[in-house]
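Please build the complete structure, drawing on both the sequences and the hints.
Chains as they are written, first to last, in numbering that gives the first Met the number 0: chain A, 0 to 199; chain B, 0 to 199.
Incorrect hints may appear among the rest.
What the hints assert, rightly or not - Partial chain B-side listing against chain A, Cβ under 7 Å, derived:
{"no.": "1", "residue": "R68"}
{"no.": "2", "residue": "F97"}
{"no.": "3", "residue": "D155"}
{"no.": "4", "residue": "A187"}
{"no.": "5", "residue": "A192"}
{"no.": "6", "residue": "T194"}
{"no.": "7", "residue": "P195"}
FYI, nobody ran anything at the bench for these hints, they're computed from the structure.
Since we're looking at a predicted model, the values are computed, not measured.
Glycine included, every Cβ here is placed at the ideal spot set by N, Cα and C.
Number of protein chains: 2
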Amino acid sequence: MDETSRQGRGRPRTLDIDTTLEIAMRAYWRADPADVSINAICGLAGVSKPALYRAFGSEDGLMRAVLARYAAEVLSELRDILSRDAPLRDTLEAVARFATEDARMETGCVFFKMRAGKHRLGPDTRDLVAALDAGAVAGFVAWLNERRAAGDWAGDLPAETVGRYLVEQVGLALQQRAAGEDSVQVRATFDLAMTPIRGG
Amino acid sequence: MDETSRQGRGRPRTLDIDTTLEIAMRAYWRADPADVSINAICGLAGVSKPALYRAFGSEDGLMRAVLARYAAEVLSELRDILSRDAPLRDTLEAVARFATEDARMETGCVFFKMRAGKHRLGPDTRDLVAALDAGAVAGFVAWLNERRAAGDWAGDLPAETVGRYLVEQVGLALQQRAAGEDSVQVRATFDLAMTPIRGG
DNA sequence: ATATTTACGTACCGTATGGTATTTTATTGT
DNA sequence: ACAATAAAATACCATACGGTACGTAAATAT
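Written out as structure tokens, the structure reads:
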């Protein structure tokens with residue numbers, strides 16, 4: 000129960016898995032994951048390539064580990080926003096801020112970047128992307144049903160459809176930010192997209 | 000005024016530029032352009048690499064030429080739809096069909112795929128992408144202003160904002176189709192996104 | 001006929017990628 | 001002390017990429 004299970008017999012590892020994951024995450028976050036090579040990550044983290052493969056098995060393993068960390072560290076905030084059960088408009092505003100204004104999202108989102116280029120991912124990372132995507136939709140759907148029960152949302156469309164819609168619009172906003180589009184226009188686009196849900 | 004300007008002195012060229020462009024276009028259309036190598040295109044077209052470089056100068060030159068052809072051949076349809084001056088709802092329906100149902104767009108759109116990965120493009124292709132993007136926005140803006148003058152659109156937002164919004168939503172739909180998402184869901188998402196413009 | 005011009009394609013260049021074989025080094029168990 | 005274990009890093013592997021040097025073939029001009 001110490002840091003990583005206790006050390007066995009051999010030479011102690013000097014590679015700091017946590018720090019390495021953090022550095023890889025920032026690299027994938029800033030650029031497109033497909034454009035960040037293992038070599039580049041090794042350079043950034045000051046780690047040898049075999050050390051990295053010992054720790055993560057493959058590029059797929061590393062990307063999956065990074066994405067898992069990212070989900071726990073960043074995407075969880077979105078889940079938190081949705082479970083605050085605030086009025087619908089307040090929650091949508093919080094989601095809008097997260098997607099269009101949060102400084103950490105200035106270069107986009109690791110999850111949506113990976114999702115956009117999912118055909119380039121290894122199987123494990125791809126599976127996690129699919130699971131996170133389904134989870135995001137499910138999160139929005141649950142929130143919508145809650146809002147409907149609270150008399151806060153009167154939409155006549157299936158929550159499934161709208162949940163998927165919300166995920167796509169958040170993804171679009173984050174993609175626009177990653178592409179360097181003007182923050183004001185990104186927000187305007189997102190607000191327009193939200194009017195069918197929150198009303199004129 | 001024959002096919003390509005008249006032949007000069009040397010050995011006549013056997014490479015068919017038109018066919019080669021067509022084959023390259025289909026390859027870029029089916030996959031992500033960044034994942035289609037020059038080697039692959041040479042193989043598909045049955046053309047040697049030097050022949051291809053002789054004709055187009057570089058990968059950037061080839062991609063630019065393909066994109067120009069694609070714009071003239073496919074994107075022009077969108078421009079046509081916008082200049083029919085039909086009622087707003089009819090035009091939006093035609094745009095929706097183009098983006099979400101047209102069989103040729105089943106694997107997405109060369110333009111939006113290149114735009115999504117614009118950081119991977121050479122300078123010439125990048126410039127053309129930017130020009131086409133600006134042109135698409137301008138096309139929607141002109142259409143919106145026309146509809147406003149015709150009393151067909153009462154939106155109080157700047158046409159610039161809505162024009163950019165429309166381009167982004169069309170891009171999103173085509174991106175979803177390229178990702179293999181369910182066609183019905185793509186259409187539902189697009190329709191939801193259009194409600195702020197065409198009304199409930 | 002011969003020189004000139006131009007396209008042809010094979011075979012290659014340098015660079016980068018994901019991944020590994022191998023030797024050395026640091027630790028624990030007996 | 002010494003065997004066993006495991007992580008360290010250098011130096012390498014095969015493959016693929018965009019791009020080109022170069023010798024050859026086919027046309028025109030003189």
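Which numbered conditions among the earlier hints are violated in the structure presented, ordered from lowest to highest?
-> 1, 2 and 3
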